[in-house]
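Novice: Keeping the supplied structure of chain W fixed, place chain E upon it in accordance with the hints.
Just so you know, the sequences run in chain order W and E. The first sequence begins at -1 in the numbering used here and counts up one residue at a time. The second sequence begins at 770 in the numbering used here and counts up one residue at a time.
FYI, nobody ran anything at the bench for these hints, they're computed from the structure. It is possible that part of the hints are untrue.
[Said to hold, decoys possible] If you only want the chain E side, here are some residues facing chain W, beta carbon under 10 Å, derived: (1) SER911; (2) ARG915; (3) LEU921; (4) GLY924; (5) ARG927; (6) PRO929; (7) THR966; (8) ASP967; (9) VAL968; (10) ASN970; (11) GLN1088; (12) GLU1090; (13) SER1091.
The beta-carbon is built from N, C-alpha and C at its ideal position, and this holds for glycine as well.
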Amino acid sequence: MQDEVRNKKYNSYVEAKIAKTHAWPSLFNAFWVGGLICVFGQVCNDLILMWFPSISTQSAWAYTLIIIIFIAALLTGLGVFDKIGAFAGAGTIVPITGFSNSITSPALDFKNEGIIFGMCAKMFIIAGPVIVSGTVASMIVGIIYLFV
Amino acid sequence: MKRELGQQTVFFKNKPKIIGHYSIVGPKEGKGNLREYFSEIEQDDFFGQKTYEKGERVMIERALEGAVKDANLSFDDIKLFLSGDLLNQIISSSYAARKYDIPYAGVFGACSTMAESLALGACLVDGGHFETVACATSSHFSTAERQFRTPLELGSQRPPTSQWTVTGSGADIISSKGSGPIITCATFGKVADFGITDVNNMGAAMAPAAMYTLIAHFKDTKTKPEDYDLILSGDLGKLGSEILIDLMEDKGYKLGLNYKDCGQIIFKRNQNVLMGGSGCGCSATVLNSIVLKKLITGEYKRVLFMATGALLSTLSAQQGESVPGVAHAVVIEGEKNE
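The following block holds chain W by itself, in its conformation from the complex (with noise of 0.2 Å):
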């Protein structure tokens, strides 16, 4: 009982001496990286309907995600992008890079132990709650739908 008054003493006065992080400066490189990044996007996907005039608006879509999620896989290998991302956060996460660069680095982390147990079964330590997730919430929108 006495510890406990005292770790709860100690965790807030811990978490008043903790210097406070301007959220500004971060905000402003993750708004600016990130826009720059959809903005390739969007150049990809109307030069590729400008030049394959054949192919259906959301076969270019599936076109333009494809160069994007290789380039950041590319910079993930080339070791670029955690600088990039240390750099811009949210910026680089939230569009479809942060995807690519979630299943490339542990891809990367763990080829030494083995291609199966090691790659292909670490591979998804941080994209897989993702997925999980995203399967689920879709699931249950899907059956409500089924019944709305």
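Specialist: Coordinates of chain E only, in the frame set by chain W:
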């Protein structure tokens, strides 16, 4: 917490000495504040190996071999090898020990391992059980990051309270014969847990343990903070050492300018390490570079070296448990004092 603080210190009568030491660090540490003091700076993060884990092993081997050489001994003279590190089942130490034909005892105190192994080694030598004992520890940024945190190439931002694991290893040879700085006493610390659950705030989690050990030490030895040329904590970092100063002040001890933290001095401010360095290698390489060199030259006469460790695992953290800390301290005095 009912027990009186104190009675945790062992006093050595037979003058166990540190007759050889060696420190080896990675490229980032090699650009830090202490670059001219390290015995060896390796530019390859892999230490010539295929994996970071194997690299860390090589780092311990080089540190141990360097320390043995520094003591002008051969491996036949080493009667026991005490070592530990941060990886699961302390594989870096045990696999490094596999290479040598000497008895090995693994120790684990997380980042407090350097002080723990020195304290144990000094006890064994002082008690006359062994003539010469080798103590070592290591940590590697990339292996620790892989085990405790996120993949290396993940593009995420580090929390502002986090610290940077030092890539480095330090080794000491303690002997009853020969010459070198003397370990005069050792204070073994109790595990303290003040309920910090944030694994990215190790400094705050370890500071209470450091406070208990320091107070026990001052009470047992009847000394005051100003009796030491240097009071060195292991890897509390900027926040942790500020907390320690506050906690000590509450208990009536004022830590002055002679108090420093290895985590804060090893890197330069512009090296983007947030609260500073951490890991077993942090205290080990600082002790085995600048501190021992200055003890040998006589610039420091009496140093209180206290390494702090956070005794968590990824499992305990995921189960929401708080982070217990521990701190062990040894007093090292220059030989020229007598």
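Novice: Now, for every hint given, state plainly whether the structure supports it.
Specialist: These are the hints, each one checked on the structure:
Nearest Cβ of chain W to the Cβ of E:SER911: about 9 Å, under the 10 Å cut. The hint holds. Annotation: E:ARG915 was flagged as interfacial toward chain W, and the flag holds, the nearest CB pair being 6 Å apart, inside 10 Å. A hinted interface residue such as E:LEU921 counts as satisfied when its beta carbon comes closer than 10 Å to some beta carbon of chain W; here the least separation is about 6 Å, so the hint holds. A distance limit of 10 Å between C-beta atoms decides the matter here; for E:GLY924 the minimum to chain W is near 2 Å, and the interface restraint holds.
For E:ARG927, the interface hint holds, the least distance from its beta-carbon to any beta-carbon of chain W being 7 Å, beneath 10 Å. Proximity of E:PRO929 to chain W holds as hinted, the smallest CB-CB distance being about 5 Å (cut-off 10 Å). For E:THR966, the suggested interface contact is upheld, since its CB lies about 9 Å from the closest CB of chain W, less than 10 Å. Because the beta carbon of E:ASP967 sits about 9 Å from the nearest beta carbon in chain W, less than 10 Å, this interface hint is met.
For E:VAL968, the shortest C-beta to C-beta distance to chain W is roughly 14 Å, which exceeds 10 Å, and the interface hint is violated. At about 7 Å, the closest approach between the beta carbon of E:ASN970 and any beta carbon in chain W falls short of 10 Å, and the interface hint on this residue holds. Taken as an interface hint, E:GLN1088 does not check out: its beta carbon lies about 17 Å from the nearest beta carbon of chain W, beyond 10 Å. The interface hint given for E:GLU1090 is broken, as the beta carbon of that residue sits about 13 Å from the closest beta carbon of chain W, more than 10 Å.
Against a cut-off of 10 Å between C-beta atoms, the interface hint on E:SER1091 holds, since the closest Cβ of chain W lies about 8 Å away.
Of the numbered hints listed earlier, those contradicted by the structure are 9, 11, 12.
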